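Asker: So the chains spell out like this:
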Amino acid sequence: MSSFLKIAIRNLLKGPSTDPYPYGETFVPKGLRGKIKYNAKACVACRMCEHVCAGGAIQIREVSDKSGLEFILWHNTCAFCGLCEHYCPTKAIRLTEDYHTAHRQEDKYRYVEKGFIKYVPCASCGTPMVPTAPELLNVAYDNVNKDIERLSKLCSKCRKEKVCG
Amino acid sequence: MKKLLQKIAKKSPWLYRINAGSCNGCDVELATTACIPRYDVERLGCKYCGSPKHADIVLITGPLTARVKEKVLRLYDEIPDPKVTVAIGVCPISGGVFRDSYAISGPIDNFIPVDVNVPGCPPRPQAIIDGIVEAIKIWETRL
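Protein chains in written order, with our numbering: chain A, 1 to 165; chain B, 1001 to 1143.
Simulated from the structure, these hints should not be mistaken for laboratory data.
Be careful, since some hints might not be right.
Label pairs and their computed distance ranges (CB to CB) [stated by the list, open to error]: (1) Arg1142(B) / Pro121(A): 54 to 60 Å; (2) Lys118(A) / Ile1036(B): 45 to 51 Å; (3) Lys41(A) / Phe1111(B): 30 to 36 Å.
Just a few of them, taken from the derived set where beta-carbon distance is under 10 Å, the chain A residues facing chain B [stated by the list, open to error]: (4) Pro16; (5) Asp19; (6) Tyr23; (7) Gly55; (8) Asp107.
Keep in mind that this is a model prediction, so the values were computed, not measured.
Glycine included, every Cβ here is placed at the ideal spot set by N, Cα and C.
The shape of chain A in the complex, shown without the other chains (with noise of 0.2 Å):
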């Protein structure tokens, strides 16, 4: 009887332990993973992304005027696994804490996260091409001069002939 007692005031003292949410503040565990948020900036166009996704979630496609990538990402087929974070080689995707994902029916097929990298013209011969995202640079190599700098500003083909003559 007193154990049980014992209990009770503990219990009654310690206040209620039901999450108010959605009437009041949650709390996110550190490190959840959420849904995904993409920096075009960044992003290389490797496609390692679109290779790994377990969902088949994320899609990468020249638009119709040939002006540069769009990068798709359907987060209604999304298992928030973690690889196209684990393997973007320049973190161009995160995944963020934000964990609300209810929507209506009609927003199905809106509940995308998209992003678009413009071609930029290559600073020698003109072609389109995607742009070399300074974070790549940085992966690449340890201190990044003016020739790497100027290297990256040249499509594949100008660079094979700008550094092997």
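Following the hints, put chain B in place on chain A, whose structure we already have.
Answerer: Same frame as chain A, now just chain B:
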């Protein structure tokens, strides 16, 4: 009398759960949402019921496998109108990682009119509560 009943019914929709070939991940989250005091879905006036004939809001998990399809559709027809359908997890919404498999007949909205989607693999209990809140809003307009 009818008006009074309608007013009361708006505040207490009963939930019914259909497992359409789910891996049980989403079902565990649904059980967590309903059964443990931390998330306690009964605060919203909802209550899980065991019979489809008592249900108002239907929660569907799983990608609708070929074997279970007929049974799910039969069960769904037993639920009286008006009803609100909520798809829980990525599987019923798009097929998720099982999409294009020979064993899958889904996505579920090819056969059943879905009202709210809660994607996630599985979604958090809070996200499921979000979906149920959205479903209650639709439920109030349908009565």
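Asker: Hints first: check each against the structure and report whether it holds.
Answerer: The hints, checked one at a time:
The given range of 54 to 60 Å is respected by Arg1142(B) and Pro121(A), whose C-beta atoms sit roughly 56 Å from each other. Checked against the hint of 45 to 51 Å, the pair Lys118(A) and Ile1036(B) passes, with Cβ atoms roughly 49 Å apart. The supplied range of 30 to 36 Å is broken by Lys41(A) and Phe1111(B), whose beta-carbon atoms lie about 42 Å from each other. For the restraint placing Pro16(A) at the interface with chain B, the shortest Cβ-Cβ distance is roughly 8 Å, inside the 10 Å limit, so the hint holds.
For Asp19(A), the suggested interface contact is upheld, since its CB lies about 5 Å from the closest CB of chain B, less than 10 Å. Hint status for Tyr23(A): holds, given a least beta-carbon distance of 8 Å to chain B, under 10 Å. Against a cut-off of 10 Å between C-beta atoms, the interface hint on Gly55(A) holds, since the closest Cβ of chain B lies about 5 Å away. A hinted interface residue such as Asp107(A) counts as satisfied when its beta carbon comes closer than 10 Å to some beta carbon of chain B; here the least separation is about 8 Å, so the hint holds.
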